[in-house]
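Chains as they are written, first to last, in the working numbering: chain A, 54 to 165; chain B, 81 to 194.
Don't read these hints as lab results, they were simulated from the structure. Check each hint, because a few of them may be wrong.
Said to hold, decoys possible - Pairs of lysine-lysine residues, derived as DSSO-like cross-links and limited to a Cα-Cα distance of at most 27 Å, are as follows:
#, chain 1, residue 1, chain 2, residue 2
1, B, K95, B, K137
2, B, K95, A, K118
3, B, K122, A, K71
4, B, K181, B, K122
5, A, K110, B, K85
Claimed, not checked - Partner residues aside, some chain A positions facing chain B, computed with beta carbon under 10 Å:
#, residue
6, A55
7, L64
8, F156
Remember, predicted model here, so these are calculated numbers, not experimental data. The beta carbon of each residue, even a glycine, is placed where N, CA and C say it ideally should be.
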Amino acid sequence: EAQVTQNPRYLITVTGKKLTVTCSQNMNHEYMSWYRQDPGLGLRQIYYSMNVEVTDKGDVPEGYKVSRKEKRNFPLILESPSPNQTSLYFCASSRLGMNGYTFGSGTRLTVV
Amino acid sequence: QQQVKQSPQSLIVQKGGISIINCAYENTAFDYFPWYQQFPGKGPALLIAIRPDVSEKKEGRFTISFNKSAKQFSLHIMDSQPGDSATYFCAASRFTGTASKLTFGTGTRLQVTL
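Full structure from sequences and hints, please.
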């Protein structure tokens, strides 16, 4: 089944403790992206990648890092999480030149 | 800066009624306008999309109406069903030749009552 898999689905952590949210897709998509979803703000792009070793900032990149060492994986790294990063995070992927995104099921992160 | 404005924030419609969600955009370079449907605990899923060279696109009970001069587009759900209860996001993108970045609206929570 074609899908984007995120882990974990739920995470509660403390301020300052580094964490990584993993994202993997099995569709051989070149384009991958991370969004955060907050009430009243919709989905906002954090980072995106157009291929291996090619990443760029989205609209809200502060406090986040990403890497793209393999085509299928695009982890989101929070080096020092803060409470304002409490949110619902989505990974998405698509073929280059195509507009349709496939989203993962989300990771609900709580930073206390 | 909110490039895609969506309204209403929430909507309650009776079963069999018409649900209408509106979006307005600012960037005239946008060339693709999709709607995503999101159920609780799930990621958004592409529902229907339109390009600015057509004024309407219909897929089953779902219709997008597009007004290029007004920079507005809307989603109409005919004969709304309880199974349509979800959050709907409009979005817009500009295709650059290699990738397109989606800019989303703020979402509309639709509840269809019996």
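Task: Structure versus earlier hints - violations, ascending order - done: Hints 2, 6 and 7 not satisfied by this model.
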